[in-house]
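A.B. asks: Chains as they are written, first to last, in the UniProt record's numbering: chain A, 1 to 499; chain B, 1 to 499.
Keep in mind the hints are simulated off the structure, nothing from the lab. Just so you know, not all the hints are guaranteed correct.
In silico DSS-like cross-links for lysine-lysine, where the CA-CA straight-line distance does not exceed 30 Å [stated by the list, open to error]:
#	chain 1	residue 1	chain 2	residue 2
1	B	Lys444	A	Lys444
2	A	Lys444	A	Lys431
3	A	Lys207	B	Lys444
Here are the in silico distance ranges between beta carbons for each label pair [as the list claims (entries may be wrong)]:
#	chain 1	residue 1	chain 2	residue 2	range
4	B	Asp163	A	Asn150	14 to 24 Å
5	B	Ala212	A	Ile113	52 to 62 Å
6	B	Arg279	A	Arg211	32 to 42 Å
7	B	Val164	A	Glu425	43 to 53 Å
8	B	Ala252	A	Gly175	52 to 62 Å
9	B	Val370	A	Gly357	30 to 40 Å
Fair warning: this is a prediction, and the values are worked out from it, not measured in the lab. All C-beta atoms, glycine included, are put in the ideal place defined by N, C-alpha and C.
There are 2 protein chains.
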Amino acid sequence: MNLEAGWVARCGRCLLLASLVLFAAAFSPMQASAQSGNGDNGTVADFLLDNGMEVVVIPDHRAPIVTHMVWYKVGSADEPAGKSGIAHFFEHLMFKGTTNHKAGEFGARIAEIGGRENAFTSYDYTAYFQTVPPDALETMMTYEADRMRNLVLTDAVIGPERDVILEERRSRVEGSPDALLDEEVQATLFQNHPYRIPVIGWMQEIKELNRAEAVDFYNRYYAPNNAVLVVAGDVDPDDVRAMAERTYGKVARGPDLPPRMRPQEPEQNTKRTVTLTDRRVSVPSFSKAWVVPSYHSDQPGEAEAIDLLSEILGGGTQSRLYQELVVKAGIASGAGAYYDGTMFDDTSFTVYGSPRGEADIYAVEKAVDVEIRRIIKDGVTDMELEKAKKRFVRSMIFARDRQSSMTNIYGSTLATGGTVQEVAEWPDKIKQVTAAQVQAAAAKYLNPDISVTGYLLPAAEPAVATEAAPMPSPGDPAETESGLPDPVQADPAHTAPAN
Amino acid sequence: MNLEAGWVARCGRCLLLASLVLFAAAFSPMQASAQSGNGDNGTVADFLLDNGMEVVVIPDHRAPIVTHMVWYKVGSADEPAGKSGIAHFFEHLMFKGTTNHKAGEFGARIAEIGGRENAFTSYDYTAYFQTVPPDALETMMTYEADRMRNLVLTDAVIGPERDVILEERRSRVEGSPDALLDEEVQATLFQNHPYRIPVIGWMQEIKELNRAEAVDFYNRYYAPNNAVLVVAGDVDPDDVRAMAERTYGKVARGPDLPPRMRPQEPEQNTKRTVTLTDRRVSVPSFSKAWVVPSYHSDQPGEAEAIDLLSEILGGGTQSRLYQELVVKAGIASGAGAYYDGTMFDDTSFTVYGSPRGEADIYAVEKAVDVEIRRIIKDGVTDMELEKAKKRFVRSMIFARDRQSSMTNIYGSTLATGGTVQEVAEWPDKIKQVTAAQVQAAAAKYLNPDISVTGYLLPAAEPAVATEAAPMPSPGDPAETESGLPDPVQADPAHTAPAN
Numbered sequence: 001m002n003l004e005a006g007w008v009a010r011c012g013r014c015l016l017l018a019s020l021v022l023f024a025a026a027f028s029p030m031q032a033s034a035q036s037g038n039g040d041n042g043t044v045a046d047f048l049l050d051n052g053m054e055v056v057v058i059p060d061h062r063a064p065i066v067t068h069m070v071w072y073k074v075g076s077a078d079e080p081a082g083k084s085g086i087a088h089f090f091e092h093l094m095f096k097g098t099t100n101h102k103a104g105e106f107g108a109r110i111a112e113i114g115g116r117e118n119a120f121t122s123y124d125y126t127a128y129f130q131t132v133p134p135d136a137l138e139t140m141m142t143y144e145a146d147r148m149r150n151l152v153l154t155d156a157v158i159g160p161e162r163d164v165i166l167e168e169r170r171s172r173v174e175g176s177p178d179a180l181l182d183e184e185v186q187a188t189l190f191q192n193h194p195y196r197i198p199v200i201g202w203m204q205e206i207k208e209l210n211r212a213e214a215v216d217f218y219n220r221y222y223a224p225n226n227a228v229l230v231v232a233g234d235v236d237p238d239d240v241r242a243m244a245e246r247t248y249g250k251v252a253r254g255p256d257l258p259p260r261m262r263p264q265e266p267e268q269n270t271k272r273t274v275t276l277t278d279r280r281v282s283v284p285s286f287s288k289a290w291v292v293p294s295y296h297s298d299q300p301g302e303a304e305a306i307d308l309l310s311e312i313l314g315g316g317t318q319s320r321l322y323q324e325l326v327v328k329a330g331i332a333s334g335a336g337a338y339y340d341g342t343m344f345d346d347t348s349f350t351v352y353g354s355p356r357g358e359a360d361i362y363a364v365e366k367a368v369d370v371e372i373r374r375i376i377k378d379g380v381t382d383m384e385l386e387k388a389k390k391r392f393v394r395s396m397i398f399a400r401d402r403q404s405s406m407t408n409i410y411g412s413t414l415a416t417g418g419t420v421q422e423v424a425e426w427p428d429k430i431k432q433v434t435a436a437q438v439q440a441a442a443a444k445y446l447n448p449d450i451s452v453t454g455y456l457l458p459a460a461e462p463a464v465a466t467e468a469a470p471m472p473s474p475g476d477p478a479e480t481e482s483g484l485p486d487p488v489q490a491d492p493a494h495t496a497p498a499n
Numbered sequence: 001m002n003l004e005a006g007w008v009a010r011c012g013r014c015l016l017l018a019s020l021v022l023f024a025a026a027f028s029p030m031q032a033s034a035q036s037g038n039g040d041n042g043t044v045a046d047f048l049l050d051n052g053m054e055v056v057v058i059p060d061h062r063a064p065i066v067t068h069m070v071w072y073k074v075g076s077a078d079e080p081a082g083k084s085g086i087a088h089f090f091e092h093l094m095f096k097g098t099t100n101h102k103a104g105e106f107g108a109r110i111a112e113i114g115g116r117e118n119a120f121t122s123y124d125y126t127a128y129f130q131t132v133p134p135d136a137l138e139t140m141m142t143y144e145a146d147r148m149r150n151l152v153l154t155d156a157v158i159g160p161e162r163d164v165i166l167e168e169r170r171s172r173v174e175g176s177p178d179a180l181l182d183e184e185v186q187a188t189l190f191q192n193h194p195y196r197i198p199v200i201g202w203m204q205e206i207k208e209l210n211r212a213e214a215v216d217f218y219n220r221y222y223a224p225n226n227a228v229l230v231v232a233g234d235v236d237p238d239d240v241r242a243m244a245e246r247t248y249g250k251v252a253r254g255p256d257l258p259p260r261m262r263p264q265e266p267e268q269n270t271k272r273t274v275t276l277t278d279r280r281v282s283v284p285s286f287s288k289a290w291v292v293p294s295y296h297s298d299q300p301g302e303a304e305a306i307d308l309l310s311e312i313l314g315g316g317t318q319s320r321l322y323q324e325l326v327v328k329a330g331i332a333s334g335a336g337a338y339y340d341g342t343m344f345d346d347t348s349f350t351v352y353g354s355p356r357g358e359a360d361i362y363a364v365e366k367a368v369d370v371e372i373r374r375i376i377k378d379g380v381t382d383m384e385l386e387k388a389k390k391r392f393v394r395s396m397i398f399a400r401d402r403q404s405s406m407t408n409i410y411g412s413t414l415a416t417g418g419t420v421q422e423v424a425e426w427p428d429k430i431k432q433v434t435a436a437q438v439q440a441a442a443a444k445y446l447n448p449d450i451s452v453t454g455y456l457l458p459a460a461e462p463a464v465a466t467e468a469a470p471m472p473s474p475g476d477p478a479e480t481e482s483g484l485p486d487p488v489q490a491d492p493a494h495t496a497p498a499n
């Protein structure tokens, strides 16, 4: 099971997987192919079941497969104070037995028919998916609807799974200097909002998670009226509706949840730095982050402008940062920007860089700052804006090529307060952004005196090369086409549920 | 009404009131005169009323006055997430009318008899006090017991008072660069614990505080079984008991509160900085802080060792920092250390300094670091340890000189999980601390690579001198004798309740 925090930690502030970083910059989940329809594949259907469950069906008849995803509108930012990690913990528990099926039965069934499955948890949502032949879709729905309400949550189930998660944290976070740094950058950047708390949870709080809390969490958040079903593939929307009614439709509506009001950020006034010096680091790197609006929290048009700012400043090999620092000056082995726009509340905008040859990290940071100031002062050219818009539009077309991209775009948008209509309108809204809006966004949000910079530095002693994380070259075109990284691809070790 | 956060903001990380800082270092609230008794003044009495209210009586017959304080075991760190400021807000509301007395009546009565009153809110407690002639004590108790349960909390009361508090925040925090910096240093130092949130609350959350939340807060926390009554003065404990039974004793017990379990700090791994550059700053300064155990959260003996470490390193003019940086090297106008030991959970240890003449702030910081490393490497001498212990013991004797010091020592100790016995045993525990323990505390907690440094810097343009806060010379002996700063003295503008 994946943890989206893992993606952030690996790919984010610390830029160790720059190709994944690139996805974020070049490929907002808001980007989607559905304008009025879905190309030659038919119209995207969107309806509600009687119990409040939203259903989105994206027809895609190119191959006899279907991707079935359920997105719960609950993530780590919804956790009670002091109970960090319970959203992700619960994701693991969903692979345990129910009153109708033994643990492992669902997974075995998927494996038997050659399908794939996984799940992931992020700040705003938790999602479960399977990719299977279309004739297995109703079976998937039956199992998924079953575990929405019928999990058996005994201490015998909870205890061992908590140990699995503690081990996961040890390996993914404590074992990774960039993940450790990312956690403290995030905790420093967000002074009040729960995005400051790691998705996987703080070690000391994971240790205390117990059955009563898991049951409360399940009863509160795992209900059809807090979930979105997204189905993409070789299916007919009417058939999907009938199947959904026969399966999910039988699950009783859960409690009406209050609006998702998380503590918001105060006005920030300071420039902050967070430095991790670690022997396991071989190549130093830095990232600089700001709190900026998301697609859900912004004023109209702002998030689109920030998306294009991110693309022009640091999205891939055509971006200013890459061209100036990596290609022309040759002082950086990598440099870029990314923006996590598909979030419920105000989110982060990040620039990053890593030195090359004799250059030191502070020279790279300075050069990045120069490029930011240049946009604030002189704006962007119409030509680079047009090119960035074209790259975005093209990426939409590529997104259609993977069912998982499409389901992720719809699911993450709907789970963070967006609508199918917003997904459809996104390309037009991108086209309407002006150069002046991009400049204004940079001037408004990228204040160098109010920012958080993370430095990942090698310890004085030489690092052990084999322990250092690899630094893929940014701009891997395969990744720019993928939309949201395919969770299965991103973590092949977890294609089978953890036990 | 005072806000203890105000003291911290003014005196703390930003060292602008170094004499108050000194109090914190040289005068732990755990220090008290009561060993088995209270010198010639009689034994400290400690008992419970039937409704669960704890009462401490400290006889002091030198003058015909009495200090009457009620401490509620609730502070800003107990606030629900997203409702910051409600503890302090509630402190203001306590000066409004009750079902028995109009707003202002209590205060007018105190003024009439020449008494003084005030209140303050901190992370772990909220306290109310009056100093009056002994024959007015029962009247004070009557009024105080009345407002414990009978406040009239209408929207007409809540709205205007919220505006008062918003103005208080604008003036005390937004109007003060050091307070602004302190807030963000604190939010950076504590990554998870609510000590990260300002006592006065974040502006955007204060704005949303409403009647329903105030009523909930009142019903939950303002009850005799969540309060400690501390009376010091020219009174007989048996008489106080009888009066307390006649007044507070009639207030019904409140709900049983669960243990105060706040989210705890994760393991920290990074070195962080927080920089505020502001035109109102004329003299730059820095502070460096670490999360360390408090008297309530420590392993036996640790807090005492940290207290002595703070005293030897940076407590007043005899300390290493002052002697080395101010006296010998002449590079600092002030330098010191302080430790907030009387806290419920893990707290902070801070060193600070400000340059003088041609020296820059980073040279001062480096010199402070050298002194810390020297203690970690070579420890402290037996002679300086003995001297520090003597200063502590002497300060206890001085503490007896002010009723407000004594009431503050008992009240803050009892409100943060301590006992009267711990107050009594504190001097002996201090005497038992060894040089090795002081060195071990420095080595364990003052890791330069895991710390948070705040820099308060003048903007490029020259500061307006009149706006800069004054920098009193550290080590004002009057303050070292005062125990907790007298809240009335600390903020004379607030001796009468607001508006």
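A.B. asks: Starting from the hint list further up, note which numbers the structure goes against and sort them upward.
C.D. replies: 1, 4 and 6
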